[in-house]
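J.: For reference, the chains in residue letters:
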Amino acid sequence: MTAIEIQNLSKLYRRPHLRATSLKEAMLGVLRGQRGHDEFWALRDVSFSVEPGEAVGLIGANGSGKSTMLGIIARVLKPTGGTVAVRGRVCPLLELGTGFHPDLSGRENVFLNASLLGLSHRETAARYRDIVSFAELRDFMEAPVKSYSTGMVIRLAFSVAAHMDPEIMLIDEVLGVGDEHFQHKSFARLHELKEQGKTIFVVSHNLESVKLFCKRAIWLDSGRLVGDGEVSKVVADYRAAVAVYERSLAEANARNAAAC
Amino acid sequence: MQYSPVRPRLLARGEGRREAPEIDPLLSPVVYLLRESRQNHPMTEFLEVVRYREVLWNLVRRNLKVRYKNSVLGFAWSLLNPLMQIGVWYFVFKILFQHGEANFMPFLVIGFLPWLFFSQTVMDSTACVTQEMALVKKAYFPRTILPLSSLISNLIHLALAFVVVFGLFAIWGVDVNIHYLWVIPATILVAIFAYGLSALLAAWSVFYADVKFIVGNLIGLWFFLTPVLYPLSQVLNKTIEQPGNWLESLLKEKLPLLKQLFLLDPISIAVEGYRSALLHGGENFIRVAAGPELTAAQAAALQASLRQEYPLLPYVIGAVAISVATAIIGQIVFRRKADYFAEQG
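Chains A and B supply the protein sequences, listed in that same order. When the letters of the first sequence are read in order and numbered with this note's numbering, they come out as residues 1 to 260. When the letters of the second sequence are read in order and numbered with this note's numbering, they come out as residues 261 to 605.
Isolated chain B, as found in the complex (with noise of 0.2 angstroms):
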């Protein structure tokens, strides 16, 4: 017996359509129909992802159960590393460089918040789909679930670390109200982004390694790119009026474009809406406090014109479209890629 290798021949789109078997819907719980080289109406992802819900659940379970797997403490971990992190920062701020102002601490320590959610989420996305390689090769399920299950994971760190705020927020004695409540449009704003983000790189990253080292680097950059450890209204305030070098003529150019820039990134707006919402009564974003170098009035006169100069609902708005459009192209993104996951590795 002898068998050739024949080339065959792949169908043109739509060809053998005609042909394809019928299926009725009814008669068994779970029926599908693959064809060659289809995507799948987004709303059909969406709708095998409700009906993989429980696979959803176990997975973000999993997630924090292994997170601190093999320490003693466990769970408490989830209470303890922002308790941590607020005592380092306090330790360099306030002992170290003796920073003066007395709202310092709730001004950092919120506005870590966000930041902390956004970039846990980022840097998890690029393990997402490779560490469960052993899962995607073995059983179908919609694999946006690996990028939603770190989103999920890490939504419940936030929520924990709110409970560790809060404990502080009654011993620096800070006042409940209404506008704690635009925390949750905030969120929300970062938590649309940080999806996008991560269902673009957890697609990138299954076929190149190097992803995971980019974003590592980058995350560090974008750090000091957010209002985390110096208010908004300080790089708004920018001025370059002797550039020393060719770096500094160039951003001396581009000033004005960089500071909308920031007005525009989602992660700006969310650190300082959660500032506005938990400690300022939801007031404009854009503070200036008085210091050493600025007596109450300047600072309040400052404060007006910055605010006449950026109005901030245009922004907020462009913030917003930019989240959603990450989300939109990472999710096309990662849908494209996701059918050739088991190919890989």
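Same shape as in the complex, but just chain A (with noise of 0.2 angstroms):
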């Protein structure tokens, strides 16, 4: 049985011509003629699968759909095309935003997004000791998050994840959160919840910890999959794809200084 399984996924953004953000501008645009849309395909006909306790990276360039794709996993997103099948409690940490509500204190918000990751209130209780100490938060619960440093939110926003107890995790640039110390420590906690058998989907910037993490990576190119396999293959398969780009930059670039 595999936890995710995912067949021809497509997702397709339509942005309006003018980015009407209002009604006047739709109206005047409907006026003008100037209906329409950009149409974007964020992932084309991307079909793979991961079996349980699989720790897999994600990665690509800027805007080849690695976000989407967690995104659509996370089911925060709709796919235009093809199937995703997901089993297990899926626990997403996506981007460094948190939901967390600024008015309320630490302790409201561990309350809160616990419960949006689909923690009851009494499991969240049992954990909530475990939660706080993790985060090294200990003295600031009661106080209002927005009382916080960008530091100390991300730390509590992770800590919480990380005692989800989910089946499946997908972790969105969020690796290299915190300090050293803290990067250390969700790291540890990290390979602690492979150990336990956790599927995790990681996407990242930061090869070297993708490498050291995962392995097995996925590639993504201008929302189609190019490369699945083995980490460290991938990885260089993309780099030498990275090095072809910069090269032929660096030509045209050349011969643009030359024609001047």
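None of these hints come from the bench; they were simulated from the model. C-beta atoms are modelled at their ideal positions from N, C-alpha and C, and glycine is treated no differently. You may find that some hints are simply not true.
Unchecked claim - With a straight-line Cα cutoff of 20 angstroms, these simulated DMTMM-like cross-link-like pairs (lysine to aspartate or glutamate) come out:
#, chain 1, residue 1, chain 2, residue 2
1, B, K325, A, E108
2, A, K146, B, E392
3, B, K512, B, E501
Claimed, not checked - Covered, in the sense of this in silico footprint (three residues per stretch, anywhere, with C-beta under 8 angstroms from a C-beta of chain A), are these stretches of chain B:
#, region
4, 398 to 407
5, 596 to 602
Put the complex together from the two separate chains, hints included.
T.: If you want it as structure tokens, here you go:
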């Protein structure tokens, strides 16, 4: 049984030509005959599956569809085509924002966030001490989150997610959060989760940490799956492609310079 | 390595479904399957809301807490607010305008309760999704929870306002009776209607910020079109003898229709229903009070003829139908738009 099974997944974003942000603009746009949308395929016909207990790194350039992929697996976004089957409780840690409410205390936010991630009040209460001590925020839990520093917010968010006991964890660019000490700690915690047989899906630009953490990597390029397999091989392929691209850029620049 | 962009073909409806992976629901507590552009059954959404009820309670609790953030008195404002509002009415009508009628204050206060609940819910709805974008983009939960949580928060505020009103009742010496229970169906009627409108407006306001401003102004107009400051019978008894301008002649022509619309407005029904329940022992809504211009006998005759002309039951049924239809349409639109909330902004 697979944990995540993705078949022919496509995602199309439609953006209005003129980004109409009000009714007036939209109506004027219609009057001027400027209807229609820019279409942008963030994912094109991607298929793969992830076994339970696997740690998979998702790599690729900016805008290659990595975050869209995680968003769809987390059910935040809806696929345009294809199917996604997910078995197990998913705990998404998408981007660095956390969904914390600035006016509520750290404690209240922990309970709100945990309920969003599918934990009951009682389950959260049982883990509350662990969450707080992991985030090292014991003295700040009753203060409103707006008084926290960025690092504190991220530590708390990571700590909540890391104690959810999900079957599947989705992590978007949050591997290197916080200071050096907390990075080590969060990395150790993820290793622990991996040992426990959790499925972990990581998006990162930090290729070294992906290599360290995952056995398998999936490489997306402008929304298509171009590499899937052993992590060191896929990372090497990706780096080679980047090198080719950079060389062609340099050559083009050189030509332009010569032409001038 | 070169990658030429290929436009992927969209799967036709039903295509690819055969190969859809099989799911063993016993294997794990949470299993889901997403397919292209398919709407879930409405029942699934309901079950999802039940499953995510903790999120709902947490959001309601947070709404209540955050409403009076940074205020010294905090939650006490939930009681003070309606009390002060009543104080303002008292000043304006009793002291400034010297409104003579003895029962005017209870009349006003009771009629104001359902209106306040309705208008607050609808006003809050334009922000209920846009304010939660941080949550919407980070995690899945049935989006229906957002308008639902603002509805429930406002129901709690209504309940607190009732505490104030019953306190005033003790002062006014109004007796408690079984007809008070009519308040419950009247509240349910407004709640259903308010939910439908808020779901609709919440969905639209994610994509168009203008909705908020339009709603603010329309609610202001709606207040005067609802019999809060005046009794319903005053509208039903209205005649325009000599139209002074085109607008008045148009009104004169459409007057019978407009009167019927007044009687079909769920908010009007609820406002008058509250008064019947709490002040008049569950009597018919259409009441004409004797005043300076009307003797008691004239008022009674007018009341009888209005009641004959406008039998309540069909209008109440109509208002219920309008409420339910609004809720269904609102929910359908909301669900349809909800799939794209996270892509916005």
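J.: Under 8 angstroms between beta-carbons, do enough residues of the region 596 to 602 of chain B, three at least, approach chain A for the coverage claim to hold?
T.: holds (count 3)
J.: Does the structure keep K146/A and E392/B at a Cα separation of 20 angstroms or less?
T.: Answer holds: K146/A to E392/B is near 16 angstroms, not above 20 angstroms.
J.: Are the Cα positions of K325/B and E108/A separated by 20 angstroms at most?
T.: holds (11 angstroms)
J.: Can the region 398 to 407 of chain B be counted as covered by chain A under the rule of three residues or more with Cβ-Cβ separation shorter than 8 angstroms?
T.: Holds: 4 residues of the region 398 to 407 of chain B have a Cβ under 8 angstroms from chain A.
J.: Do the alpha carbons of K512/B and E501/B lie within 20 angstroms of each other, as the hint requires?
T.: holds (8 angstroms)
Checked against the numbered hints above, the structure violates none of them.
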